[in-house]
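Here is how the chains run, residue by residue.
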Amino acid sequence: MNSLPLILTVFVACAVEATEALTIVLASGLTREWRSTFQGMAAALVVLAVVVVAVGPALTLVSLAGLRLVVGALLAIFGVQWLRKAILRATGYKSLHDEASAYLREVAAAKAATVTSRRGVRDWYAFTLSFKGVLLEGLEVVFIVITFGDSQRNLGAAVIGAAAAVIVITVTGIAVRAPLARVPENAMKFAVGIMLTSFGVFWGAEGAGASWPGNDASLLGLIPVVALVSLGYTALLRRRRAAGPASVAHPSPEVASS
Amino acid sequence: MKRLRSIGAFWYDFVVGDDWRVAVVVVAALALTALGVHAAGVNAWWLLPVCIFAALGWSLHRATAVTGEDH
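Chains C and Z, in that order, give the protein sequences. Read in this note's numbering, the first sequence has 236 at position 236, and its numbers run on one by one without any break. To get this note's numbering, take the position in the second sequence, counting from 1, and add 258.
Source of the hints: derived by calculation from the structure; they are not laboratory data. Just so it is clear, CB atoms sit at the ideal spot from N, CA and C, and this is done for glycine as well. Any given hint might turn out to be false.
Short derived list, chain Z residues pointing at chain C, Cβ under 8 Å [as the list claims (entries may be wrong)]:
id, residue
1, Val273
2, Ala281
3, Val284
4, Asn301
5, Ile310
6, Thr322
Given these sequences and hints, build the entire structure.
This is the structure:
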């Protein structure tokens with residue numbers, strides 16, 4: 001398969017995660033202090049590197065069919081959850097993820113916390129805030145890179161896509177010194193959800209032993225079908241919301257609380 | 259113990275997400291596909307996408323349905 005779809009998919013998926021990590025790092029660095037923030041970031045990157053070194057080679061020992069079955073299942077579950085969230089946000093059933101307000105929340109919390117030194121770190125709060133943000137978002141990046149790269153037996157292309165995303169988002173963040181509120185995060189999540197679901201369905205079915213008509217070329221048909229179905233659900237929910245305001249006045253407890 | 263529980267909760271949220279039913283449908287559809295291919299000789303490549311679309315619709319319906327009406 002051509003590496004370009006793989007690189008682009010990983011790029012967009014990792015750009016979303018990098019944007020979220022950047023918001024947390026900026027909130028920590030600008031309101032607390034940069035040294036502890038960078039220490040937290042570095043510590044998280046070391047943990048992520050350990051995860052990659054530990055998990056990456058182990059995956060190459062698994063048979064391709066077994067790997068695709070597990071990775072396909074995980075990606076399909078992951079992808080549908082992303083699509084579900086993006087559709088609920090696009091139709092107004094769930095509030096849009098707003099990096100600017102997320103940044104303000106982090107800043108308010110960071111300003112309220114007291115400065116304490118611990119284990120050679122000047123500001124423990126800044127360290128842990130940055131560490132957690134980079135680790136959690138980084139784990140998603142690692143998951144995407146390893147699953148896509150290994151299933152396609154093209155880890156290099158996946159790493160290129162992820163590295164490009166992290167570099168682009170980091171450089172942009174340094175340049176503007178503000179959360180990337182203008183990144184169309186929901187549209188990107190929608191696109192990533194479509195790609196994750198499509199690749200997950202493709203690899204999952206292959207891993208289970210099925211053969212796709214046209215082999216790899218069937219992905220070119222599967223991706224638009226997943227996109228069309230998702231857009232169809234979006235249109236249906238929009239119509240339903242427009243038709244009955246009562247239906248969104250009391251959404252299910254799960255949506256109301258998430 | 260508390261730390262173990264929070265690690266478990268993190269991985270559950272990371273892998274399964276907001277609706278566990280989606281994960282159950284995906285795993286069941288993969289098992290049925292494998293069964294179809296290996297036991298019945300049916301190349302059921304279409305089964306997983308059909309189940310995924312149904313699971314997404316079901317999950318969206320549950321998430322947006324009026325409380326007390328559909329549950």
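**Q.** Restraint satisfaction for Thr322(Z) [CB to CB of chain C, less than 8 Å]
**A.** Constraint on Thr322(Z) satisfied, holds at 5 Å.
Q) Does the nearest C-beta of chain C fall within a distance shorter than 8 Å of the C-beta of Val273(Z)? A) Hint on Val273(Z): holds, closest Cβ of chain C at ~7 Å, below 8 Å.
Q) Does the interface hint hold: is Asn301(Z) within less than 8 Å of chain C, judged Cβ to Cβ? A) holds, 6 Å
Q | chain C contact restraint for Val284(Z) - C-beta distance below 8 Å | A | Cβ of Val284(Z) sits 5 Å from chain C, so the hint holds.
**Q.** Supplied contact hint for Ile310(Z), tested at 8 Å Cβ to chain C
**A.** Holds - the Cβ of Ile310(Z) comes within 8 Å of chain C, reaching about 6 Å at its closest.
Q) At a threshold of 8 Å, is the proposed contact between Ala281(Z) and chain C supported by beta-carbon distances? A) holds, 5 Å
Consistency with the previously given hints is maintained throughout, with no hint failing.
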